[in-house]
Each structure stands twice: as C-alpha cells, then as structure tokens.
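Undergrad: Chain by chain, the residues run as shown.
Number of protein chains: 2
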Amino acid sequence: MTTTSSRINRRFILAKRPQGMPTASDIVLENVPQDDPAPGQVLLRTLYLSLDPYMRGRMDDTPSYAPPLNIGDVIVGGTVSRVEQSRHPDYSPGELVLAYSGWQDYALSDGRDLHKLDPTMKHLPHALGLLGMPGFTGYMGLTDIGAPRAGETVVVAAASGAVGSVVGQVAKLRGARVVGIAGGEQKCRYVTDVLGFDACLDHRGNDLPGALNSACPDGIDVYFENVGGAVFDAVFPLLNTRARIPVCGMISQYNGPTGSVQHDRLPLLMGTILKKRMRVQGFIISQDYGEQYPAFYRQMSAWLDAGKIQFREDIVDGLENSVTAFQHLLSGKNFGKMIVRVAS
Amino acid sequence: MTTTSSRINRRFILAKRPQGMPTASDIVLENVPQDDPAPGQVLLRTLYLSLDPYMRGRMDDTPSYAPPLNIGDVIVGGTVSRVEQSRHPDYSPGELVLAYSGWQDYALSDGRDLHKLDPTMKHLPHALGLLGMPGFTGYMGLTDIGAPRAGETVVVAAASGAVGSVVGQVAKLRGARVVGIAGGEQKCRYVTDVLGFDACLDHRGNDLPGALNSACPDGIDVYFENVGGAVFDAVFPLLNTRARIPVCGMISQYNGPTGSVQHDRLPLLMGTILKKRMRVQGFIISQDYGEQYPAFYRQMSAWLDAGKIQFREDIVDGLENSVTAFQHLLSGKNFGKMIVRVAS
Chain A
1 MTTTSSRINR RFILAKRPQG MPTASDIVLE NVPQDDPAPG QVLLRTLYLS LDPYMRGRMD
61 DTPSYAPPLN IGDVIVGGTV SRVEQSRHPD YSPGELVLAY SGWQDYALSD GRDLHKLDPT
121 MKHLPHALGL LGMPGFTGYM GLTDIGAPRA GETVVVAAAS GAVGSVVGQV AKLRGARVVG
181 IAGGEQKCRY VTDVLGFDAC LDHRGNDLPG ALNSACPDGI DVYFENVGGA VFDAVFPLLN
241 TRARIPVCGM ISQYNGPTGS VQHDRLPLLM GTILKKRMRV QGFIISQDYG EQYPAFYRQM
301 SAWLDAGKIQ FREDIVDGLE NSVTAFQHLL SGKNFGKMIV RVAS
Chain B
1 MTTTSSRINR RFILAKRPQG MPTASDIVLE NVPQDDPAPG QVLLRTLYLS LDPYMRGRMD
61 DTPSYAPPLN IGDVIVGGTV SRVEQSRHPD YSPGELVLAY SGWQDYALSD GRDLHKLDPT
121 MKHLPHALGL LGMPGFTGYM GLTDIGAPRA GETVVVAAAS GAVGSVVGQV AKLRGARVVG
181 IAGGEQKCRY VTDVLGFDAC LDHRGNDLPG ALNSACPDGI DVYFENVGGA VFDAVFPLLN
241 TRARIPVCGM ISQYNGPTGS VQHDRLPLLM GTILKKRMRV QGFIISQDYG EQYPAFYRQM
301 SAWLDAGKIQ FREDIVDGLE NSVTAFQHLL SGKNFGKMIV RVAS
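Chains as they are written, first to last, in the working numbering: chain A, 1 to 344; chain B, 1 to 344.
This list has only true hints and no planted wrong ones.
For chains that are exact copies, the list does not tell them apart, and a pair is met inside one copy or across any two.
Below, in silico cross-link-like pairs of lysine-lysine (DSS-like), each with a Cα-Cα straight-line distance of 30 angstroms or less: (1) Lys275 / Lys116; (2) Lys308 / Lys172; (3) Lys275 / Lys172; (4) Lys333 / Lys275; (5) Lys16 / Lys275; (6) Lys122 / Lys308; (7) Lys276 / Lys16; (8) Lys276 / Lys333.
Just so you know, these hints were derived from the structure itself, not from any lab.
Produce the entire structure from the sequences given, and follow the hints as far as they go.
TA: Listed below in structure tokens is the structure:
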C-alpha cells in the first residue's frame with residue numbers, strides 16, 4: 001500500500017519543562033501532516049490514551065528510571081490503537097493493539113512495541129487499566145513484594161485510584177484486613193462500599209496519623225507506597241516487624257518537595273529497616289515483571305468475569321482535553337483510572 | 001548429683017546505661033556465689049565469649065529487635081561452654097555446647113537455649129565466628145538478599161571484620177567483583193592480600209566518596225550494610241539500578257547520631273529506591289534464617305576444609321578484660337572476630 005494521505009496529526013509536545021504543575025504553555029498542541037508508513041511499518045490510529053502519574057517525571061530533566069523527554073518530543077503514553085494502514089507482514093488494517101503512541105492522533109510503528117489485544121476483550125479501556133499497566137502494577141507489587149498473609153493489615157494510599165483499588169481488592173481476596181486512604185468523603189465511601197475495604201481514611205482530614213493509628217490497632221504489615229509525603233510519614237511509626245513496602249510511585253513528590261521536616265531522617269529510616277527487619281523495594285512493572293503478564297491476565301480476567309473485582313474509569317472525551325485531564329490526575333481530582341477517548 | 005560447691009561466679013552486669021562508648025563504670029564486675037543446678041538444669045562453664053556490636057544496642061533503653069537489658073542484668077552474649085554438672089537427661093558433664101551464657105564464668109540452663117557442638121570441630125572459637133552467628137549472618141544476608149551475580153560489584157564495609165570478611169569472600173566465590181572498606185592500611189592489606197578482595201579503601205582516608213567512585217567504575221550492585229554513617233553516604237550515589245542492600249547493622253550509629261546533614265534525606269532515599277528499583281531489607285539472622293543453619297554449616301565447613309575461606313580472630317585472654325575488648329570492637333581497634341577466652 002502506498003496511498004498518499006493528507007491526514008493531519010494532532011499531537012502534544014513538551015514546549016518547556018514544567019515548574020510544579022504542568023500547564024498548557026508547557027504542553028502544547030501541534031497540527032502536523034502525518035506520513036504514510038514506510039515498508040515494515042504500520043500506521044496506528046489512537047482510540048484511547050492512558051494518563052498516568054509517571055508522565056510528570058518524564059517532563060523533568062533529571063535521571064529517572066527512563067530517560068527524560070526532550071523539548072519538542074511528543075508526550076509519551078500507552079494507547080489502545082487501531083491499525084489503519086500496514087506495510088508490516090504481521091499486522092492487518094482493523095486490528096486492535098496495545099501501543100505506546102503517546103499524546104497524538106496517529107503514530108507509526110515498526111511493530112516491536114505493539115501487543116495485539118485479546119479479541120475477546122469486552123471493554124477496550126480495560127487494556128489500559130484493570131488488565132493493563134495499572135492493574136498489573138498493583139497485582140504484582142502486592143503479591144510478589146507485599147505478599148500479605150490472611151489476617152495481616154495492608155494500607156493502601158490513593159485507594160480509589162487505578163493501582164490502589166486493585167491492590168486493596170487483591171489483598172482482601174488474600175484474606176488481609178485492608179485500610180485505604182483517599183481524598184474526600186465521596187472517594188472514601190466508594191472504597192469501603194464498592195471496593196469492600198475494611199476502612200478508608202480521608203487524607204484531607206485533620207489528624208491523619210491519629211486516624212491511621214486508630215484504624216490499625218495491630219500495626220501495619222504491608223504498606224503499598226504510591227504517594228509518599230505525609231501519608232508515608234503517618235504510616236512509618238505504625239510499621240510492624242517484618243513489614244513489607246512495595247514502592248511504585250510517589251505522586252506527592254512529582255511536583256517538587258513539600259516537606260517541612262528540617263532534620264535528616266535517612267538514618268532513622270535505615271535504622272528502622274534494620275530493627276524491624278523490613279523490606280523496602282522499588283519496582284517498575286514492565287522491566288521487573290514483564291514475563292508474568294500472561295499469568296496476571298488470566299487471573300485478573302477470571303476475577304473480573306466472576307464479579308470479584310470492581311474497577312472505575314474516569315474517561316474524558318477528546319485529545320484536546322488531555323492537559324486539563326492530566327492536571328486533574330496530578331491533583332487528585334479524577335475519580336478512577338484516567339483515560340482520554342481520542343477516537344472510536 | 002547434689003554436691004554443694006563453693007564456686008564463685010564472676011559476672012559483668014549493667015550498672016548504668018552508657019552515654020556513647022560504654023565504660024567500666026557502666027559495665028561492672030561482680031563476684032557472687034554460684035548455685036548448683038536444680039533438677040532439669042545444667043551448670044555451664046564459659047570457655048569462650050563472643051563480643052559483638054549488637055550488645056551495645058541492648059544497653060540502651062529503646063525498643064530494638066530485642067528487649068533492652070535491665071539495670072543489674074548480666075550482659076548477654078554467645079558462648080562456647082562446657083557442661084560442668086548436669087541434672088538434665090540430655091546432657092553429660094564434659095560435653096561442649098553453644099550457649100548464651102553472657103559475660104560470666106558460669107551459668108545455669110534448662111537446655112532449651114543450648115546447641116551441642118559438632119564433636120569434630122577442630123577449632124572451638126569457630127563456633128562463635130566463621131561457623132557461628134557472624135559467618136551465618138554474612139553468608140545468608142549476601143546470598144539471600146544480596147544475591148550477587150558473576151561480574152557484579154559488591155561493596156562491603158568493615159571488610160576485615162567477622163561478618164564483612166565472610167561477605168566478601170563468598171561474593172568472590174560467586175564470581176563478583178568485591179571492594180572492601182576498612183580502617184587503616186594494615187587491615188586493607190589483609191583484605192586484598194589474604195582475603196582476596198579486588199580492592200580495599202581506607203575509610204580514614206581523605207576522600208572516601210571519590211576513592212569509592214574510582215574503585216567502582218561500573219557502579220555498585222550490592223552493598224552489604226553493616227556500618228551506616230559516612231560509608232553509606234559514599235555508597236548511596238553509586239548504587240545501580242536494581243541494587244540490593246542487605247541491612248544487618250549500623251555500628252557507626254550505635255553510640256549516637258553523628259550526622260552533619262541538616263536537611264531531610266528520607267524522601268531522597270525513598271525516591272531513589274523507586275527510581276532505581278532497589279531492594280533494601282533488614283534481617284536478624286536467628287529469627288529470619290534459623291532453619292537454614294545446617295545447610296550453611298555444611299557449605300562453610302566444606303569451604304574451610306578446602307582452604308577457600310580465611311577467617312581471622314582477635315582473641316583476648318581473661319573475662320576481666322571484656323570491657324576493654326568491647327571498647328576496641330566498637331571503635332574498630334580489633335582486627336578480626338573479637339572473642340574472650342574465659343577458661344580452657
């Protein structure tokens with residue numbers, strides 16, 4: 001196929017590095033002509049774009065687990081995409097794939113970063129949520145590093161979010177007692193009433209350390225760390241001997257330090273890890289657990305079909321609304337996995 | 001046996017809690033009459049007493065992995081002891097046992113804390129060193145948590161000491177590149193020339209961070225943490241992605257904080273654990289790995305017999321010299337596993 005199209009690609013590029021919360025002058029929408037695929041390539045149409053906290057880290061010019069974006073780069077992101085044109089032997093027009101096209105309408109791919117989607121998947125956005133990276137992250141971090149036993153106490157921050165909601169529900173399925181932390185009364189009600197956590201605390205309340213202490217009379221055995229900051233500070237004194245802390249994110253620190261502590265607590269943390277024989281371990285789902293995805297997919301699909309797992313999505317219509325949606329995600333205004341519907 | 005003896009027991013008790021380095025006014029020698037064993041008990045004669053850094057922690061009135069000593073208690077410690085009298089069916093006079101008699105000539109035991117020593121052991125102090133708690137600690141922490149692969153870089157502080165020397169030699173046997181850190185030129189020469197580490201740095205030198213950077217051109221994959229403080233600070237920026245840090249002690253902090261850092265590095269540490277996907281894990285050998293002792297004993301005995309492991313002891317004669325020997329241990333003046341020969 002060598003048709004010449006006159007497609008226009010809308011794409012968001014990094015115009016300058018954000019200070020704190022990214023704005024529409026940091027992330028700018030461009031319209032550019034879209035090239036047709038070269039031999040060995042496919043042209044992809046973005047249907048759904050996943051918005052995730054890690055994207056904020058990629059906008060800074062500091063070393064992280066992935067190289068920073070350069071000025072002018074398209075903002076990265078996982079997508080559910082449809083093959084529009086194919087000059088690649090393994091792909092045909094109309095096929096649905098999990099891709100990494102980023103914040104744009106179209107992208108070219110040589111196929112190496114694509115995964116064909118299960119054609120029986122009933123709800124495509126699940127590929128970016130419960131059955132995708134966030135669900136996989138929550139499941140593996142909890143089961144492999146956290147490894148809760150029946151009767152143990154698991155604490156999950158951002159409990160109504162894409163990762164936290166999976167962590168807590170899987171911990172309940174393992175027989176643990178689960179305490180969530182979320183922002184606001186509405187989210188907390190959802191966490192206890194719909195997700196089935198034993199308790200949920202509003203981190204906007206007056207005395208989080210005191211409330212957490214009351215909610216965890218037997219201490220904390222597993223803390224799934226995905227927010228950092230004041231929540232970690234409240235959790236820290238309650239950690240039990242042999243506590244496990246899977247570390248998969250620190251959203252509260254992505255927009256810069258907010259700490260008010262003036263002395264160095266690094267020796268305290270290391271001393272506590274020693275005295276309480278704790279395990280603190282960071283992980284990045286794709287690099288550390290990629291080969292376990294099929295097993296996860298089978299297990300989570302079975303739970304989903306059996307009605308044992310709930311998962312809420314916050315779907316925003318229109319690529320042009322991505323910056324606002326991303327701001328909502330970083331400030332906790334979303335309610336459920338944040339996804340942009342780009343086309344259908 | 002109901003002989004009445006007029007034995008005198010010399011014992012060291014905690015007279016008051018030390019501020020910083022313990023002195024002879026904190027740890028005081030008493031002479032008291034020694035009771036004979038009651039039914040079900042054995043009377044033990046201490047032959048060798050192990051001196052270890054953890055004892056300092058037990059002298060403080062702060063929660064740790066073991067309850068603190070009370071004022072008036074005999075200082076705890078592992079011993080090689082001989083059964084002098086027995087009213088216990090499982091023990092006979094003359095048998096040698098690993099005991100926990102503490103800093104004294106005699107002790108009574110109901111047998112529950114005793115382990116009969118391998119009668120083929122050629123060198124009794126090994127039961128307190130290479131084949132005892134320190135060797136077991138180094139071996140398990142390195143192999144289970146550190147898990148070095150061939151070609152990786154392992155850094156060990158207190159490299160000439162009882163634990164560190166085992167960590168480094170086992171890492172070499174696993175094919176790793178091993179860099180030790182020790183106090184003074186003599187110890188460093190021993191670490192490279194006798195123990196066979198690839199390099200050893202003197203932490204008393206001017207620029208430990210710079211020297212460590214030069215000695216670890218490929219970064220650090222495993223840091224066996226048993227000192228803390230300035231050594232950790234030098235190691236921290238060099239840690240590689242997926243680095244592992246077994247945490248088994250922080251001797252530099254046992255006598256109180258010495259840090260000069262004025263800002264809070266806890267968020268930095270947690271952020272680094274996330275970004276570099278590190279594993280930081282504390283352990284206490286007896287509680288976490290007790291059931292693996294027989295396998296360790298077989299492996300280490302085989303290496304010892306084959307001449308593949310060197311182990312240096314610093315044996316002080318006379319129970320009365322225990323306080324001075326303990327001070328030497330805490331300030332790094334010992335050279336090898338510190339043991340007091342109490343009787344023969």
